[in-house]
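> Chain by chain, the residues run as shown.
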Amino acid sequence: MPQAPPDAGPDAPSTPPAPPVLEVENLSIRYGDVSALRNVSLSVHEHEIFGIIGPANSGKTSFLKTLNRMDRFESHMRVEGHIRFLGRDVRAWRNVYALRQHIGVVFPLPVGLPLSIYDNVALSPRLRGVTDRRELDVIVERCLTRAALWDEVKDRLDSLGSLLSGGQQQRLTIARALSQDPALLLLDEFSIAVDPVTTMRIEDVLKELRKEMTIIMVTNLVQQARRLADRTAFFLTGDCVEIGRTDDLFEGKVKDPRTYDYILGRFG
Amino acid sequence: MFKATELNLRNEQREKRWRLLFLLMALLLILPVLIILILLVYRGGPVISWSFLFEFPRNGMTEGGIFPALLGTIFLVVVALVFSVPLGVAAAVYLSEYAPDNWLTRTINLAIINLAGVPSIVHALFGVGAFVLFFEFGTSILAASLTLGIMTLPVVIVATRESLQAVPHAFREACWALGATRWQTIRRIVLPNAVSGILTGIILEVSRTAGETAPIMFTGAAFFVPFLPESVYDQTMALSLHLYTISTQVTGVPEDLPFGVALVLIGIVLSMNALSIAFRVYLRNKKKW
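Protein chains in written order, with this note's numbering: chain A, 1 to 268; chain B, 1 to 289.
Same shape as in the complex, but just chain A (with noise of 0.2 Å):
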């Protein structure tokens, strides 16, 4: 059985459900002939931290890609179905630029952009017209505060950012990511080239976040999905399987029995 719950987390069932943040019905995603993700509807809630567990080729990282409409770039992908986010329909917004500038991505493995680490996190405040000098090093320092990098760059802003290490990588795309100022934070398996000890410190911070965003989290760790989601989604070769409360899940009280298979690790 888990220990006590982290504090403040899913085990307060008291307080009125936020409304949702992004709403997903009957989505369906294909690659020319090929379905990737058939039929998933699930909304998810302001300040939550929605986890998607699942073995490699279920569609989860295709989801992703639909929420902020990266479907555009990939001339083969065909979606059907309804997104709303923040209410409105993401194929709806003016420009598909606006709706990506809400919504923050972290790819699996660390980008850091061929810039001095100031500009890496300055880049999404310019590209929004912000100019002033002052302006920018408030927001790079406090979005690299919040992404856990502050003290340990903080001498050397203006060294590259494709030059730190993989784990520090990750964090300042993090804090680019902040730097949008995001309703809604996207992680796609973060901690894939990341070492243990870093992947615990952006877990710290995600925590943190919470407050603040709406985060959903793909991650191939059932484990890290037990210590961060409120509620997981089960995704299994292209069919959302499950969706439940993270604690319920990993305490058996599944409706489909392949989930517990699988946060048992009997298969995946």
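Derived from the structure by calculation, the hints contain no laboratory data.
Beta carbons: idealized from backbone N, C-alpha and C, even for Gly.
Take every hint as true, because none was put in to throw you off.
If you anchor each label on the Cβ, the simulated ranges turn out as follows:
1) A/223 to B/170: 21 to 31 Å
2) A/75 to B/225: 51 to 61 Å
3) A/93 to B/230: 53 to 63 Å
4) A/154 to B/281: 26 to 36 Å
5) B/170 to A/19: 27 to 37 Å
6) A/204 to B/286: 29 to 39 Å
7) A/94 to B/101: 25 to 35 Å
For chain A, the structure is supplied; the task is to place chain B on it using the hints.
Leaving out everything else, chain B in the frame of chain A:
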């Protein structure tokens, strides 16, 4: 214990022989370069002097210098670059960053490959028809440079496209995810990291343009012009054509004179190549990922 079998030993022998064969073939490549350079320096070297470089040819090209040809070649190359670089880089940016995989893109790519394969004399005839006659530029630097520019366009496009493609795709995705448009991504991330490679391609193009003869001989380069070109509508002399005429068309030219001209021409080309290698080394040292 392991013991080499008969077959092991025979394979080892073969391995040595094949390696030797390939090495010899590779070494053979150096030979023509060395012979050309030694011959040129040995026979052309004594010809070269300040007056050779900076005086007009005299006495039916048999005496004097090559200044108008030298200047003409530089003029032709610069004007050709002015046309081909912006056009080529812009086309490469479209093909690398924007173009969807459809029939139009495939047609453009096919056209580039074909353009690269067109013989230079055909380019020359096209230049006569299009620039000299149709656009009425006459035989002029403009017509000759445009012909050269079109001929070297594929080099610029391919070099640019390759250096753009060498920028990892993950950088673009990360930038798009921040809400950047394609153009913002190109301007802030892709181009700054491809620029050294593009420059390398352009320098290689220069060295190729400088040596071309056929495309300019009907479009703007002349056998002899008694004055220096003052505008792009003037005719000009050029090193490559000068070399061709004094070696084949003029009698009474001292035997070593063409070697001197050839040495100057190859000097320009090799120093451009050296510059491009230096750029590549610089690029490698500045590698940002």
